[in-house]
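Q: Heads up: the protein sequence lines correspond to chains R and C, in order.
Throughout the first sequence, residue numbering follows the UniProt record's numbering, covering 1 to 250 in sequence.
Throughout the second sequence, residue numbering follows the UniProt record's numbering, covering 1 to 216 in sequence.
Among the hints, a few may not be true.
Claimed, not checked - Below, a sample of chain C positions facing chain R; criterion: calculated Cβ distance under 7 Å: (1) Phe-61; (2) Asn-64; (3) Thr-65; (4) Phe-73; (5) Tyr-76; (6) Leu-78; (7) Gly-167; (8) Pro-202.
Said to hold, decoys possible - A few chain R residues that don't get close to chain C, going by computed Cβ distances all over 10 Å: (9) Glu-7; (10) Arg-128; (11) Gln-136; (12) Ala-196; (13) Gly-213.
Since the hints were derived computationally from the structure, they do not count as laboratory data.
C-beta: ideal position from N, C-alpha, C; glycine also.
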Amino acid sequence: MTAGLWENWLLPGVWITIQLTLYSAIFAAVVAFGIGIARTSPLWIVRFLTGFYVEVFRGTSALVLMFWLFFVMPLAFQYQLVPMWAAVLALGLTYGAYGSEIVRGAIAAVAPAQREAAIALSFTPAQRMRRVILPQAIPEMIPPFNNLLIELLKATALVSAVSVADITFAAQLSRLATGDSLEIYAIILVLYFVLAFVLTRLMRLLERRAKAGIGQAPVKSGKGPLITRKLSARQEAEQSSNIITAGGAQ
Amino acid sequence: MSWNWDVAKDFLPELGKGLLITLEATALGSVLAFALGLVWAMAFRSPTRFVRWPVAAVVEFIRNTPLLVQLFFFYYVLPTWDIKFSALTTGVIALGLHYSTYTAEVYRAGIDGVPKGQWEAATALSLSRGRTWIAVILPQAIRRVVPALGNYVIAMLKDSPMLALIGVVDMLQKARAEGASSFQYIEPYTMVGIAFIVIAYPASLLMRALERRLGH
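Here chain C stands alone, though its shape is the one from the complex:
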């Protein structure tokens, strides 16, 4: 074991830059996953099976295939259809789409947990379908699933290094570049690994605390 503090110190600014990209990808991916997941969850509740079935099939398919392959799919196939995005945008889309299939299940569970009386009350008050969702169902459903959603943000953070494999310059890519140029592997990779634990562990403690507070 030959840990060199000088190498570690030199790599630190690079790690910081990579961290910003990692956090950016996670944050944008989360926004997309939260929004799309809600769309899927509401589609599961659609009155017509011509919406329910195709959406369920697509969601199942995306959830049960690897994110990495989906990432490559978007990165290599979209340009052949003349849709050109940067690597980061492609990564965010793939990450957000993949995790939207998980958040959809979370929302669905939350929506199923809203008592039937709430739906009936909304009907009795002759609220429109849109008002029922926005003013009655979703505020109750989302509150109880916030910790579960937060856990998927942590999961996304830990999946974000995959974006390095399509060339996004996140923490892992910074470590790979450092290794390729200076043959210093030990410090960069170890620091990246530690950085993930340092971010993910307090975040998961926070989610556990939130879970207790919101209670079930």
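Just chain R, with the same shape it has in the complex:
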């Protein structure tokens, strides 16, 4: 592996991967909150449409969606996206659908008395959501969002298939240039692992802040895995049925 490959491809590739993760995460979060809150709507048509969206985007494969946006959209709608944005759109829509299930679950888990108290104090529905329900629901969302964020980071590797020059794409080029498959792929696997580790640490910090904000101490994870959180059988089953199902890029 030469210095040139590092400077011209790998390091810019790391930056592209970070940008992709960031933009897709922001887009996915917007979709997740929009859809997740809309799924609690009293109107059946809103619930039906958002439920349909979630099932469609959880049901299909992120890679197929990416190819579809990349190859079919320009032909079908005469509208071509820059590869980077096609990738962000595909990842954001898919992971937004998973995330909306987290949002919905956390909102449903807020004690009913809180909602009733807000109604009794004649808060408007918007105030109820913003002042009472979300502040309590958000700290609960952070751990599952952390898992989803790692899945998203891993899924950004898919963009190399539509020729966005991320870390995986840089690795392919380096392999063709030098032929050192072992060295190159070992290095980038470690790079991804480091990124995942940093993301997890940041999310833990965020969780502690959010929980402190509503006067709770964070749950000690004890002797759990290094990065992902230890889950009980029930949580695992619930979480995998709700979130990871479509999983990974999953």
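Once you have looked at the hints, place chain C on chain R.
A: Here is chain C on its own, set in the frame of chain R:
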């Protein structure tokens, strides 16, 4: 939007062939993931930390790095060690290994959920370690995690198109080939996308029903 039914009809047999490969990769990958995951989960319970720690580190590493890169790793690095597999076999190994790190957590959760009294009873009856696992712990642990395992099979199905990127002729690869040879992109890719939803949605409904039945 210019949907052409003739193109769709011509592509249908190809889609069917691709579907078989997709299902084959998913099924074989699942078998590997279920078996390896159980090995990891039992290693987590090993009495010596010289087994527990390395296994935990490897499992963490595999789970937190992208499947696609692992796929390329196996596809390009194994041949340099004179281990030559077909693209499909390589894909199945990578898929199974990657998901075994998820199923390991599922099994672990299931094993942790078995009451401590069961372990103690097995000791009191002086069952051997092997008998304790096979006759007492695993039957109780696995029953409760079946739906969670099923969900990972669905997740694997949806990750299997990645195998197309190392040349496995699955549904996505069939669509790519169709696009490359006839410049028809709209119908093949759309059909592949729909095929995934058509398989994954009923499967996830089935898992939800199973979850309710097995109850927690």
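Q: All the hints need checking, so say for each whether the structure fits it.
A: Consistency of the hints with the structure:
Annotation: interface hint on C/Phe-61 holds; nearest CB of chain R at approximately 6 Å, less than 7 Å. Annotation: C/Asn-64 was flagged as interfacial toward chain R, and the flag holds, the nearest CB pair being 4 Å apart, inside 7 Å. Hint status for C/Thr-65 relative to chain R: holds, with the closest Cβ pair at about 5 Å, below 7 Å. This hint holds: C/Phe-73 has a C-beta 4 Å from the nearest C-beta of chain R, less than the 7 Å allowed.
Nearest Cβ of chain R to the Cβ of C/Tyr-76: about 4 Å, under the 7 Å cut. The hint holds. The beta carbon of C/Leu-78 comes no nearer than 9 Å to any beta carbon in chain R, farther than 7 Å, and the hint placing it at the interface is violated. Annotation: interface hint on C/Gly-167 violated; nearest CB of chain R at approximately 13 Å, more than 7 Å. Here the hint on C/Pro-202 is broken, as its CB sits about 10 Å from the closest CB of chain R, past 7 Å.
For R/Glu-7, the shortest C-beta to C-beta distance to chain C comes to about 21 Å, beyond the 10 Å cut-off, and the non-interface label holds. Taking the minimum C-beta to C-beta distance to chain C, about 29 Å, the non-interface status of R/Arg-128 holds against the 10 Å cut. Distance check for R/Gln-136 against chain C: the nearest CB is about 24 Å away, which clears 10 Å, and the non-interface claim stands. Consistency note on R/Ala-196: stated as away from chain C, yet its beta-carbon is not over 10 Å from all of that chain's, at 4 Å minimum.
Non-interface call for R/Gly-213 relative to chain C: holds, since the shortest CB-CB distance, roughly 28 Å, exceeds 10 Å.
Going through the hint list in order, the structure does not satisfy hints 6, 7, 8 and 12.
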